[in-house]
Every structure is written in structure tokens, then in C-alpha cells.
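**Student:** Please work from the sequences and hints to get the whole structure.
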Amino acid sequence: MKADVLVLGGGGAGCSAALHLAQRGARVVLLERGLVGGQASGVNYGGVRQQGRHPAELPIARRSREIWGRMKALVGTDAEFTVTGHLKLARNEAEEADLVAYLDTAKEYRLPLRFIGRNSIHREYPWLGPAVVAGSFAPEDGAANPRLLAPALARAAREAGAVLLENTKVVSQTRDVDGFLLVSEAGDEFRAPVLLNMAGFWGGAVAEAFGEPVPVSPLSPNMMVTEPVPYFIEPNLGVVGGNVYLRQIPRGNIIVGGGDGESDPATPWSRPLAEVSIEAMGHAVRLVPSLAGVQVIRSWTGIDGEMPDRIPVIGPSGTTPGLFHAFGFSGHGFQLGPAIGAIMTELVLDGRADVPLEAFAISRFAGPGDGGGAKA
Amino acid sequence: MKVAVVGAGPAGIRAVEVLVAAGLRPVWIDEAAEGGGRIYQRPPAPLKRDAKALYGFEAGRATSLHAAFDALRPQVDWRPETLVWHIRPGAKQLHTQSGPRRDQVEYDAAILCTGAMDRVVPLPGWTLPGVTTLGGAQIALKAQGCGIGRRVVFAGTGPLLWLVAYQYAKAGAEVAAVLDTTPFATKLAASPGMLRDAATFAKGIYYIGWLRAHGVRIAEGVTPIGIEGEAGVSGIAWRDPGGREQRVDCDAVGMGWGLKPEAQLADLAGIPFRHDPLQWNWVPERDVAGRTAIAGHYLAGDGAGIGGAAVAELAGARAALAVLEDAGRMVDAAQLSRLDAALARQQGFRAALDRAFPFPRALAAGVADETILCRCEGLRAGELRAALAADHAPGPASELNRAKAFSRAGMGRCQGRVCGTAAAEIMAAALGSTPEAIGRLRGQPPVKPIPLVAEPVA
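Protein chains in written order, with my numbering: chain X, 1 to 376; chain L, 377 to 834.
Simulated from the structure, these hints should not be mistaken for lab results.
Keep in mind that the hints are not guaranteed to be accurate.
Label pairs and their in silico Cβ distance ranges [said to hold, decoys possible]:
#1 477/L x 105/X: 39 to 47 angstroms
#2 242/X x 654/L: 20 to 28 angstroms
#3 810/L x 251/X: 31 to 39 angstroms
This one's a predicted model, so the numbers in the text were calculated from it and none came from an experiment.
No residue lacks a Cβ here, since even glycine has one placed at the ideal position from N, Cα and C.
**Tutor:** This is the structure:
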């Protein structure tokens, strides 16, 4: 099968790339080893959060937030995106100082943020426990249903003319004078002059195949959900340090994340860890004491790729013309996914993107004298 | 050697008996306060009654198991009222919750004897107060000494349907009707096979005959229409084999269509499953001795595929012997061959029983759009069907877990244990596929809900 662009990986970012490329008339083929949104994009917490991000990510997050706002028009569903605001909490003076320091970053990137000090935090949110000393509220942020986003983007991409192949595991990726050649486990061949590596944790192996290995490791955020209880937690809650985050959906269930489960990306297989779940439960109850006794009905995890500096690899390959990377979102790519697809489309079709990407260059991991080695 | 046995029903009791006889002191865990399992559940002390009244023909078996349990209890690390909510097969750890207390149990070998639950088909009105499963109705009688209503209808199919109806009538409850979805002819056709266990077969015939003789209204080959009522049950309607609509007043309904394995721990342990064409259930794979593909993990009893209490006793003992064999211990060869022969004999009977009381696939596949399918999530069958349609906004779901992700079917407190069977039939019918191809709901911890607590007690 021949295409203009091959996309490896059907997460939110990959499906968004397929959609945006197809909308501009490119012939796109996306290959996904399982089902679209089957790993990090589909099993994450569902946070649509800009607050607290690395400054380099904020322009992308701002752009993505704009797409989230018109998701229904774009893909036919808003994926239950709800603007609840995101409330980041401090539990001691050091954490409070962290919140205060971020206000300047937010201002620089025009991210609306409201600091809530000791005197008002418990007045505004009487259900917060005494451990909380301050908060920072991002009114534009919220949450969405991660189970719906990637499939909805995939469906829209198909309708726009992209070909998305699920249960298609790629076993070899090479480039010759005719461009890229991907071969699936079933022996099918896919060719295109451009390849987008958006394969999450497995993106590391793709980069390595083209001579630019990166230190990506599997990350499995440990997630839980409770039975429904009367709705009272409106904002999406986080804490400085990130050892717990929780949100309640209007039907009453509370989604609690914190810590990491275990995984084997080769299978792929992933599972929450009991002791990690128990620790996150403790953090959650200390944050919101009235949650004590609420029943946890399910826990789960998936596999994402984590970079040592906890920001993704985004941009053109350092070794191989026509290859572009976007992987290693380090546990916080769900909000970014829609914009990543748009940005990759611009990189491919316009040769430039309207957001700065230098901080995400794959070359940051190239050791001295290790930048060459192109296989092409 | 550290052995953990999960479950203290017939399989668990006979497994522990073998282990203790070999000089081991296993950790033994059950959600109930006492041993016996759901089938031989004992009432709390103030409600103690005579075994014959509680268990009927099964009194001898029940008494023997209870005596065995009582004798074993001081010789093991017995953990009553304890839920195993997570298992980590690689590290060989069980995670338990008992009241506020959380523990971790390390083991070299685990025998999972996790039992079964009723297999349910959603009917209009099945979420009304007064509707319960056959197993639930039986436990109310056995453990609490009360019925689920004053005037009760039992509906469904399977041996338990007739047994529970008999037990209720015998206990003095008014049984308004017994509605079996299996036609008499189907049962008749399977009866030669059931003669392989003539005694059990005879008991079944006796229950049916007793009910008839006592004037209980009996209808076979029925198609349930729905359970009626506003705040509670007021009646049930069905279509007879001739297509005529029938109804009867009642204030409670016990319903169930056979049993399904409670195999969540086997699933979390990574044991592969297969769809059994006779039982029409997903069952964890194991050999006749209960060994699985995951070293150190053994299965016995109904949790390993429905076989009934007698099979469970044999299988429990056999799995414990397998644990000993695999640990390089000497086991009694004569005992092994006796158990293997007895288990083999039971297979033919069980197959005939499954043929006699088939799961009503068409009834499950045809659950009306407006009927609640997943009661945990308040999801109607039509909402699941919508998630399969080509015009569904996030795209059509092609397998059960994706349908769950889109529609929430099976996402609630019970994790699809109740609605999963019907959901798969609905999907299979809508997509022109089979439940086997549709797949099964992935198990996720906790096996059953556990509470959020700030500081776990350990």
C-alpha cells in the first residue's frame, strides 16, 4: 500500500495527525498494533490540563485547548470534555512556593490562573482536608473521557479519507531511495516518503531503528475509580509533586490516579499494583477526607513512554529525512494529543510549525559524536 | 512450602484436607465467616437449624463438609470474612481486605476455589425490589431462614431452579409458579446422559414430581415477557410454548439460568480462558488435576468451570495432590487414580446436564432496547446496541471491552459479572458474530469493591 504519509501509532496524537493530514488532502495510512486508543491515550486519567506544565509545553497545550473547545464540530463528539477548572493544591510551604512561582510562567504564556491562599482555600472548597494550605485554579482546564477521544478522532480521520489499520503490528521499518517501507506481521508492505513516529513507548524502538536511540522507559500510571457518590468535587484536582490527582464526574464516580503500576511492553501487558493503589487511596483521603469509606470498584493502567526530562520528543529526525517523531509524552500527553496531530501536519506539509519545538528535539539525547549513524 | 487456598466451599475444604494431611499449614481465605461455601452456607448461630431441614438430600454431604471444616480450622491459618482483591502471580502475592484491615499473603502455590454465581438474563422489571437470583433466594432461606417473598415465582432454567422451588415450597412458602425456559423435550433428550449419575438425576426428578404433586403451577418451554410492578414485584408474564400470554400474581421472583464461574482471580493471575461450548461460559483453562499455564496456580471447583458440589470436592482434593506432586512430595497413587476416575465419570453427567438446561441465547440476545442491561450503570440494552452502530460518534465497537469503554456496560460495581453474558449475546446477535469472537470482559482489580481509607490497618 502506498501513501503520502505513514503514521505509526493510533493514540490520540497519531489519530489527530491522520485526521489533520487527511483534511488537507494528504493520503495517510495509520498503523496500530492493537485498537486505537488502546494504551496511554485510552486508559489515562482524562485530565485536560494546562496548569503546571513545563513552560515549553504551554504553547502546545494552549493550541490543544483551542481544539478541545471545538472537538464536537471536529469529530462529532466532545468526548465528554467538561471545563471544570483545574485546582492544583499545596500541602506545605514548599509546595505553596511552587504554586506561587508558577504564576509568573502562566502569565508569560497567557494562561489564566488564580492563586487561592490559606485564608480562602477552605472557604471556597470546604470539603478539602486540613492538609491543604493553598491552591491555584486554572479556569480553562477540565477533563474528558479518554476512552472516547482516540476512537472519535480515528472515525473522523477515516471519514476524511485516511486509512487506519488496527491490529496491524509493524515488524520492520526501513528507508531506501523510494522512501519508507514498513512491513506488518502479516507481511503487508506500506510505502511513503514521510513517516510519523507516534508510537508512544514503542516510538523508542522506531527511533532506534533509524539510528537515533533515546532513553525512553515504559510508564504505567496507576488509576482507580470509585462507585458513584453525590457530586461535590467540581474541579479536577492535582497536587504539587503529583503523587495523587482526582476528579469526580457528574454521574458521581471519582477517578483517582497516583503512582505507577507494572508493565511488560513486549506482550503488551500492564497491571495496577496493590501497594501503589493503597498509597494513592491514602493521599486521596487526606486531600478530601469525606472520601473515606467510598468503595473503589476498578483499577487499571496502560503503557506510555517516559523521557528522562519528562517532556516528549517532537520534531524532525536528526538522522533520516522524512521521519518525524512525536512520542514519549511521559504520562501527560492526553491533553496535547489533538494539537500534536495538527502540528505534525504542519511540519510535514508546510515544513514548519507555529509553536516552538526546540526543547523537544530528539538531538537533546544524542551523545557527543553520536548524532550521525543514518541508516538510509 | 507456603500454600494459599482461596475459598472454603466443597473444593477448598477437600483441598485443605489433603494439604493438612500432608503436614502443611496453608493460609485459607474466604469471604464468608465460616466454611461450607455458598451451597452449604451455614446460618449464623442464633438461626441454627437442623441439617436435614437446611440441606435436604444434601444434609449428609453438608454435615460431612462442615465437620471436616471444623476439624481443619485449628490446623490452618484461617482468614474468615476476607476478600482477596488482587493477585500478583509473578511475585506470588495475594492482597486481602478484611473490614478495615489490609494484608498481603505470600505463597509458593495457590489453589483458587472461588466458586460460581448465578447466570442472569435481564428481563423487563428485573431491577424491581423483590427480584433476586436463584442463588440469592436459596441463601436467604439457608442463612437467614427467610424467603424472598410471600408468594414467589421461580424463573429460569437449570437444576437450581427446581431445587430452590422445592426448598421454598417445603419450607412453607407459597410458590406461585415455576417457569422453565427449557422445553420438556430438551430435558428428556438429555436424560440418558444424566443417568450416568442416577442418584443426582433421581433427586432432580423427585423435586419436579414433588412440586407437581403439591399443585405448584409449572410451565416449561416458556418465554418470559417481563416482571410487573411499580415499587415492587406484583406479577410476572410469559408466553407459553403455544405463544399464548400467561401471567401470575406474585410479590417476589427468583431467577437464574445456570451458573458461571467466579473466575476473576484466575483472570488476574493471567490464566488463559476458553469459551466452553457446552456450558456456554468462559472458563479458565486447566488440566484435570487443576494445573494451569501459570506455574504455582491451581484451580478447583465451580470457579474452574461449573461441575457442581460433588465434582468440586473431588477436584479440590485432586488440585491439592497436584500441588504436592509438583513440589516433589510423595502422594498416594491409589488416591490419585480413584479421584481421576471419579472426575472422569462425572464429566458425562455434567455434559448431559448442560444439554438438558441450555442457556437461552435468543432470550439474552433479544433483550428489548428499553430494558436495563447493566444495572450498576443504569444502562439499557439499546444503549449498548447504539455503541455498535456504524454511526456511533466515537466509532462502532467491535469487541466487548471496547463496547464497555464506549457504553459503560460492565463498568460498575459488579464489573460486568452480572450483565457480561447477556451483553456478549446482544453484541454477537447485532454484529452477526459469536460470544466467543466478541470476547470477554477483562478483569481488573479489585475483584470486589474495597473502601478508600487514609491509613490502612495492617
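**Student:** Would you mind marking each hint as holding or not holding in the structure?
**Tutor:** Structure-based check of each hint:
no.: 1; hint: 477/L x 105/X: 39 to 47 angstroms; result: holds (45 angstroms)
no.: 2; hint: 242/X x 654/L: 20 to 28 angstroms; result: violated (51 angstroms)
no.: 3; hint: 810/L x 251/X: 31 to 39 angstroms; result: holds (32 angstroms)
Hint compliance for this structure: hint 2 is the single one not met.
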